[in-house]
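Peer 1: Residue-level listing of the chains:
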Amino acid sequence: MDINNKPNTGASPANVGGKTAAQTAAQADAEKAAELEAPYTDKRSVTIAPVQQFSAYRRANIKSIGPKKNVIGSSINSTRILSSNKTEVEAYFPQIIGMSPNNPEFVTRVKAYLSNISFNVADAGTTLNISFVYNRKKDYLAIKAKEDKINEKREAVARNNISAIKDAIKVWVQEINDLETSKASLGRPENIEDYLIYRHCILYKEVAKDIALINSDASLRFYIRDENKEAERAKRLVDERKKAMRNFLVLEDNTKKRNAVYIQMIVNNNGNIAEAMLKSSDEQTAALMSYVNESPDKFNSLFDDKNVEMKAFIEALIARGELLRPEYNQQISTADGTFIGSNMNEAVAYFNNPTNKPVLEAMQNKYKLF
Amino acid sequence: MYKLREVSRGNYDDRGYSNEETIANLAITKAAEINNVLTYTYGYDDDRFPLTFLTEGQGTVGTVDIDTVQWTWKTMGRTKFNDYVLYFNTANTTPGKGGAMFEVEFATHWLIEQYGLIAPDGVTQVRIMKDMGPGAHGGFLYRLKLTTPNPNAFVDPDHLKVGKYWTMTAPTIPESYSKGNRSNVMGPGKMTSQLEFHRYSKEIAGNLSNVIVTYEFKTKGGGTTNLWINEEMRQHDLQIRVMDEERLWFAEYNRLEDGTIPLIDPDNGKPIPHTAGMQEICRESNYDTYGEYLTLNKIERTVGDILDKSTDTGTMEVVLFAGKGFMDDFDMAIRNDARSEGFATPLGDKMIEDFEGGLSYGKYFRRYKTVDNHIITVKHLSFLDKGSLADTDRANGNIHPRTGHPICSHQAFMIDFSTYEGLRNVRKVRQKGQIYHKGIYKGLTPIPPSWGGISGDAISTTVDKSSYEIKNSYGLQVNNATKMMQLKCVL
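Protein sequence lines, in the order shown, are assigned to chains A and B. Start counting the first sequence at 1; every next residue gets the next number (my numbering). Start counting the second sequence at 1; every next residue gets the next number (my numbering).
Errors might be hidden in some of the hints.
Claimed, not checked - Simulated restraints on C-beta separations:
1. B:Glu317 / A:Lys235: 57 to 63 angstroms
2. A:Lys69 / B:Met132: 26 to 32 angstroms
3. A:Arg59 / B:Arg394: 30 to 36 angstroms
Stated by the list, open to error - With the C-beta cut set under 7 angstroms, the calculated list includes, among others, these residues of chain A facing chain B:
4. Tyr57
5. Arg58
6. Ala60
7. Pro67
8. Val71
9. Ser75
10. Asn116
11. Asn120
12. Ala124
13. Lys166
14. Ala168
15. Ile169
16. Lys205
Worth flagging that the hints you see were computed from the coordinates, not collected in a lab. Glycine residues also receive a C-beta, built at the ideal position from the N, C-alpha and C atoms.
Can you build the whole structure from these sequences, using the hints too?
Peer 2: So this is what it looks like as structure tokens:
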């Protein structure tokens, strides 16, 4: 008999509360599994708002012309797509049209319902409850992961390229619609009518899915404002600002890096480096502070760039005419025609290469004379 | 009525002037030809000018001639009894409970102290206890109190959400010592629009006026001619009419509130005014869309909503000017409804008839009577099927997937052509002296008789050419657009 054996007092860290660590972990796993199997409500809302771009005729007669009624009607694509998935149609529509899917008139009535859509949007926007009650939380997590991926793809598109945004939106509409359709077997919307209007708005041509498109398409009368996404975006902006402020204070103690970030900021804003470098230190600091406030994400990415000093050095040399970069070509070469790189990254690699140290030193010596 | 026919398919000359080469280019001077009459493959062009016909075509009642580019007219809206919530502090989740007063900011100062208000549910009632003046959110603040004596009752915060409308009811006061209140009055409003100007030129050179071709063209007088210039001028006239008509429909007003027009002619730095066309006027009043199928419910809701806006009593006859696609949709909407009501047999009896020993199939619904006796009639607007917009839709593949018509054919304009107080509601506006101006720039090229006679040998250019210049002024005046609408099928 092992005399070292002690009764279970519950005092051991591996034996808390009369349970072994394995038991505790198993219990936690079981609880987690139970939570994943339990119903879950994804609380969400979106606002559909009219694009407040009055015609010149309305503006000229604004005091006398009657208020405009903002109506979202039906459309062919939306009617066809929303009535095409059997599972979805049979899950949502019986409650709305008051008819069983077994009724031979069911599909006709569904199409009639979708063709009759006349959704009045308030001037300040109308909020739709698009919350979805999942039968199991794990389904929510799976859908959420897919949705995040779809959204990431859409948001990766350059904001200044309208046709790329349009293409991305086309893909997004298709993918989000497919994803939403797949949810029909996983639960039910909290408010079916609101949810279907939201689905219709995604497919309706006259609702802008991205506000960047509003000015380029006169047929867009409404836009979707996703409250949750706006809140996420606002939170992300605050976090970026906090980080940018910390980085800004770090820069104050590192003049070399500060100057490099300043030059790169000027480059990003398509400014004139030669003029910007003539500004006083206080003016440069003020410009950087504005940049921190207005574009904290861009400021942080400059700060985190390991090659920011080398890039700024190359930009300064270009500004001074020591290096040449044609207006419509990214290629960089010296004034005497020596090829440095076909773009900024290659130029950085060139100067970081120990073999090219003599050229770098020669340039650094010239730079000191500026 | 003279009708346009297509001369030849596929040959177009867009050099902007015409001479003998033009005719050769159009391939109509070649010698051998089986027929000397043209086959008008696309048929006659007609019914393309409904708005011109219903305004200018009606003589002086359908037009108004003015001296200036801009014009104004007075309007009186419908008396308003409601206003909407602009702000309410949502921290108060039981407004009015226990007889407590609560403050709500409404959009305007239309509501009056002492008056009552009914909530959007049509049941909850409050009294305006105090007009607190301008609010912090751009509206006007009012202190309200529930009128129900139930101390546990409170106003559902949903009724106080931004944009919810409340209706004003009569002011209630104590038996004695009450103070007076105020009253609202609505003054007439003033609306404005402006004219636009069009300029068309036809330049000819050489001996084009006297060129004879092997084809016979119909003349306006009903005869025939072999003179090419007559056909060319007929085409020119027609193009002008088509484009002018389309401007009446699709022009968009372009003067800013400060009176300036950003559209400037680079030749002379002068602003180019655009009038407000029928589509813009309709859309600014009422606009809705429909999908694959038009339903009777949709027709009733859209048209009914608009008719209910007006306080005019009695039955109204509403005309929907529509493309063929919309007419199909309208017919199908009523037929589907009739079938769902079980009227299949009587419908079949009307649709199938005896015809010369055989059967004829087809009769279509063009009229509908609403529950309150308004009559909705559909009239064909062939312009939506045959106009340049329809051609463009076809060329770009914007086709209705079920009917195959261009998508612009599946739309209807509800236009109020009534006469109010002796004035037609829709009129064409023109500038005096600029209604239709014609001028000829004469060179050595002979002037065709259709341009009008010019005597003398004096010429104004040494170049062997002459040109025919047209300028006109166009504007559209709609006194009352509240009963106008555009209902359109969208892809």
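Peer 1: Against each hint, give a clear statement of whether it holds in the structure.
Peer 2: Status of the hints after comparison with the structure:
no. : hint                                    : verdict
1   : B:Glu317 / A:Lys235: 57 to 63 angstroms : holds (58 angstroms)
2   : A:Lys69 / B:Met132: 26 to 32 angstroms  : holds (30 angstroms)
3   : A:Arg59 / B:Arg394: 30 to 36 angstroms  : holds (35 angstroms)
4   : Tyr57                                   : holds (4 angstroms)
5   : Arg58                                   : holds (6 angstroms)
6   : Ala60                                   : holds (5 angstroms)
7   : Pro67                                   : violated (10 angstroms)
8   : Val71                                   : holds (5 angstroms)
9   : Ser75                                   : holds (5 angstroms)
10  : Asn116                                  : holds (5 angstroms)
11  : Asn120                                  : violated (10 angstroms)
12  : Ala124                                  : holds (5 angstroms)
13  : Lys166                                  : violated (16 angstroms)
14  : Ala168                                  : violated (20 angstroms)
15  : Ile169                                  : violated (16 angstroms)
16  : Lys205                                  : holds (6 angstroms)
Going through the hint list in order, the structure does not satisfy hints 7, 11, 13, 14, 15.
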